[in-house]
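Throw the hints in and build the complete structure from the sequences for me.
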Amino acid sequence: MATGVVLNPDLTAANTVDDAIARARRVYEAGVRQIWIAQRVDIDAIALAGLIGAAVPGLGVGTSVVPINPRHPLLISAAAQTAQAASHGQFTLGLGLGAPDVEKAAFGRTWPNVVTRLREHLTVLRSILDTGAVDFRGSELGASPTWPVAVPGGESIPIYVAAMGPKALQITGELADGTLPYLAGPRTVGEFIVPTLVKAAAGRPAPKVVAMVPVLVTDDESAGRAYAAEQLAFYETIPSYQKVIAREGVSSVADLAAVGSAADVSRHLRRYLDAGATDVVLSPLRSEPGDLEANSAIAAEL
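Quick note on numbering: numbering that gives the first Met the number 0 labels position 301 of the sequence shown as 300, and the sequence is numbered without any gaps.
Treat the hints as calculated values from the structure; they're not laboratory data. Hints should not be assumed to be uniformly reliable.
[As the list claims (entries may be wrong)] Keeping only pairs whose Cα atoms sit at most 27 angstroms apart, straight-line, the calculated BS3-like set for lysine-lysine is:
#, residue 1, residue 2
1, 103, 198
2, 207, 242
3, 198, 166
4, 166, 103
5, 242, 103
6, 242, 198
7, 207, 166
[Stated by the list, open to error] Distance ranges between label pairs, derived from CB positions:
#, residue 1, residue 2, range
8, 245, 100, 15 to 23 angstroms
9, 246, 132, 17 to 25 angstroms
10, 197, 289, 34 to 42 angstroms
11, 106, 136, 18 to 26 angstroms
12, 43, 152, 37 to 45 angstroms
13, 296, 40, 27 to 35 angstroms
14, 242, 87, 38 to 46 angstroms
15, 166, 205, 16 to 24 angstroms
16, 292, 43, 22 to 30 angstroms
17, 30, 246, 32 to 40 angstroms
18, 186, 152, 37 to 45 angstroms
19, 70, 138, 13 to 21 angstroms
20, 135, 13, 39 to 47 angstroms
Glycine is no exception: its CB is placed at the ideal position from the N, C-alpha and C atoms.
Structure representation (C-alpha cells):
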C-alpha cells in the first residue's frame with residue numbers, strides 16, 4: 000500500500016462530491032496513490048470512496064474509519080463490495096470501534112460489549128468476503144440472510160481496524176488484514192502494536208500497520224503546535240486514546256503530531272516506518288489553501 004493522505008470533504012463547495020473527486024485527481028497527479036476518507040454524519044465515507052475510485056482510476060481509496068456499532072455488518076459488506084466493484088479493486092475498508100460519548104450524542108444510545116461486537120462484526124464480514132455467504136449467530140450480532148450477499152467485482156477487500164488496545168489488537172490480528180492506529184506514536188507502534196499483532200496473527204500473513212499521523216506543514220512550529228493542541232484536545236477525553244498517549248510517554252497529544260517544515264514532517268513520519276509501521280497516512284490538521292499540495296508532496300516522496 001502506498002503512503003496516503005486523508006481527504007477531507009469541503010462542505011462549502013457547490014457540490015461536495017464533485018469537489019472531492021477534483022481534489023482526489025490533484026492528489027493523484029501529485030504522485031499520491033492512496034487516499035482515506037473519514038466517516039461522518041453528513042458525507043458517507045464508503046459511498047464517496049467508491050465514487051472517487053471510479054472517477055480516478057489507479058487511486059487507492061479507503062475509509063478511516065467507519066464505526067462498527069451503528070451499522071450491521073451486512074450493510075457495511077454491501078456498501079464495501081459496491082465500492083470495491085466501482086473502484087475496480089482499489090477499495091480498502093477501515094473500521095473503528097467508535098466513541099461512546101459521540102455515539103450517544105449522534106444516535107441517542109451506546110453499544111456495550113464493543114470488543115465482542117468487533118469479533119462478531121469481523122466474523123460476519125470475513126465469511127461474506129471469503130466465502131460469499133454467511134450463517135452466524137453471536138451474542139451481539141446475527142446474520143443468516145436467505146438472499147445473495149456477494150457482489151460480483153466486489154471481492155478481495157482488505158479490512159483494517161483502528162485498534163489500539165490489547166483485546167482489539169488480538170481480534171484484529173486474528174481476523175483483519177491490518178490496523179489503522181491514530182495518535183499512536185512510534186514507540187507505541189514498535190513496542191506494542193506490531194508485536195501484539197504479529198503474535199495474534201500466528202499462522203496468517205503478518206497484518207499491516209498503517210500509522211495515521213496528524214500533520215501540519217508550517218513555518219511557525221510554535222504556533223503550529225498550539226493549533227495542533229487545540230484541534231486534538233478532544234482525543235485526550237477518550238479513555239482508549241488516554242492510554243495510548245500515556246504509553247508513548249508524551250505530555251500532550253500535540254506531541255504526537257507532525258508539525259513544522261516539510262522536512263521536519265517527513266523526518267517525523269519516517270520514525271513510524273523505522274519503528275515497524277508498514278506505511279503512514281498524513282491526516283491534515285488544517286484545510287487551508289496549499290495544505291493539500293504540501294501534504295501530497297510529502298506523501299509522494301516517502
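Hint check results:
no.	hint	verdict
1	103 <-> 198	34 angstroms, violated
2	207 <-> 242	22 angstroms, holds
3	198 <-> 166	12 angstroms, holds
4	166 <-> 103	23 angstroms, holds
5	242 <-> 103	22 angstroms, holds
6	242 <-> 198	21 angstroms, holds
7	207 <-> 166	17 angstroms, holds
8	245 <-> 100: 15 to 23 angstroms	19 angstroms, holds
9	246 <-> 132: 17 to 25 angstroms	40 angstroms, violated
10	197 <-> 289: 34 to 42 angstroms	39 angstroms, holds
11	106 <-> 136: 18 to 26 angstroms	24 angstroms, holds
12	43 <-> 152: 37 to 45 angstroms	20 angstroms, violated
13	296 <-> 40: 27 to 35 angstroms	32 angstroms, holds
14	242 <-> 87: 38 to 46 angstroms	39 angstroms, holds
15	166 <-> 205: 16 to 24 angstroms	20 angstroms, holds
16	292 <-> 43: 22 to 30 angstroms	26 angstroms, holds
17	30 <-> 246: 32 to 40 angstroms	34 angstroms, holds
18	186 <-> 152: 37 to 45 angstroms	41 angstroms, holds
19	70 <-> 138: 13 to 21 angstroms	18 angstroms, holds
20	135 <-> 13: 39 to 47 angstroms	44 angstroms, holds
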